[in-house]
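K.L.:
Fit chain E to the supplied structure of chain G, relying on the hints for placement.
Protein sequences appear in the order of chains G and E. The numbering of the first sequence is the numbering used here, which starts it at 224 and goes up by one. The numbering of the second sequence is the numbering used here, which starts it at -18 and goes up by one.
In case anyone wonders, no lab produced these hints; they're calculated from the structure. Mixed in with the good hints, there may be bad ones.
Said to hold, decoys possible - The calculated lysine-lysine pairs, modelled on PhoX-like cross-linking and capped at a C-alpha distance of 20 Å, are:
| id | chain 1 | residue 1 | chain 2 | residue 2 |
| --- | --- | --- | --- | --- |
| 1 | G | Lys343 | G | Lys270 |
| 2 | E | Lys186 | G | Lys335 |
| 3 | G | Lys335 | E | Lys189 |
| 4 | G | Lys322 | G | Lys343 |
| 5 | G | Lys283 | G | Lys311 |
| 6 | G | Lys313 | G | Lys290 |
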Amino acid sequence: MGMRVLVVDDSGFMRKRIIEELREQGHSIVGEARSGSEAVEMYRILKPDLVTMDITMRDKDGITAAKEILGEDPEANILFLTILQDDKYKVEAEKLGAKGFINKTDHQSIAKFIQEMDRKS
Amino acid sequence: MAPEERKTGPFSSGNDVTSLLGKRPSTRNSQGVLKRLLIIFCLLGATAVGVNVKFLVDTRAEISRHTEMGPGETAERFVGTRGGGPVTPSAAGTRLGVLLGITVICFGCVIFLFLSRVVIPFNLVTRTARDLSRGNLSVSALRNPHGDIGELGEALNDLAANFQEVLLLLGTTVGSSFSAVERIEEALKSKSAGSDHEIRKQLEKIEKDLVLLRSLVHEFDFYQTRFDGEKVVSENTEREG
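Okay, chain E solo, but in the shape it has when bound:
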């Protein structure tokens, strides 16, 4: 099938909808959350590295100063400088604590974002997909237009809607044909004057239903198989032949 035709296939979403309502294409969406997480991680990482580097530079400067001063100096003089002056061990400890705090917050933020924006929605979508595959079409995946996994959820909802539509159509058509068959049977039993007309009318109804079902089936593309008239043939066999 040509790419153009694929776009408008049974499971395609309305392009008009996404363009008019300003929604991004799904491929960009799926990459969005990872990009954002990466940016946040880089920013927080850069902050942590910056603080670390400053701390190391200060430490080296203080060590060299300490070495120049010799052993006679007080042990209270320790690493780092604050505002150009010497830093006490307690101040260095505070700085280390702040550094550790920033690092913990960095990783906490990244883990929280990853869990709330990726892991939890992904698990919900997976659960919905599993339910759908078991035939439970009443489930609905989360709809979150701002979330990236939400796009996947919408695609699943579209898939479920298509299946539901096909099955309901199948059910009503089969039901209508069954009632037509019953009327034909009744007409055959009664053998009244109008029974021929009734039988013809009901046969036309059945034919209409069958035409509808056939057109429905031909709407779809099948995996490695296709319809050749009334027969189902394998596309592989066709190619080999």
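Pulled out of the complex, with its shape left as it was, chain G reads as follows:
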């Protein structure tokens, strides 16, 4: 069926890669945000099925943005896509209630994870 996805990443080129990958899998991109602040505002407006969230961003980082989104909507589906291989972020993401934490270059794992999530929903 495909999910309505909000892509959050401060790098335009990375957003483009993620969007292309998700579109190929049949998901629709409802919005793209360049920072945590934009992500929170756009989540309120768009109410997407899934948010792919980067962690390191210049304005407001992904962890803080996810906290705010989950604070407002505990049912929000947030998937962290990052290059960081630091376990502390993974633990923090799990604690927050994020649905997953995947390396953003691992397209296979991302596709598999979202398909599984789509199937469950």
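P.N.:
Then chain E, alone, in the frame of chain G:
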């Protein structure tokens, strides 16, 4: 490259973001501050000119009245009128002072606005751009959504974020390939039963990394050059040929 493709290039900002959050396009933004400054300058200028014109009209009227009266009149009668009556030299001096004050405030406001909204932010952005060009990606340009130079700062931040992402991706991919090479070397040394499988597995990993790096490189458009398979060719040479 077609204009449509350019829009979604690696350094493009999310159109959805600007439209949804009500931000203006950067071209309008960059003109905004100058327009506003011009409007303020025109308004203040018009006020100063208005006061000047009134002062001149009053002066001419008073001079003509003075001429009609002849030399017998008192020297205390001077230029200008206040409420239809004669104005003393001290009142004219006050009026001149007010006029001068308005003019000084006009120019002061314009200079202050120009410095605070254009010169200082522009210098900060320039400094950030210089730092970025020297390879310091940890710097961040000012983010001021209401300011016009802020839009330029955001574009610089986007550029820095892209560079950072590419370099981190490059670093992790190269690191992963290096560790795969080390494992291959170990497998070759040990020559155990499972070494063939291990070598194949690690080679696949390296191949995956290389595919990722190649796809990364092909995301970009280059100045006067492009990839032709594995070769880098000049677009000028291609056109000449």
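K.L.:
Can you list which hints this structure breaks, lowest number first?
P.N.:
none
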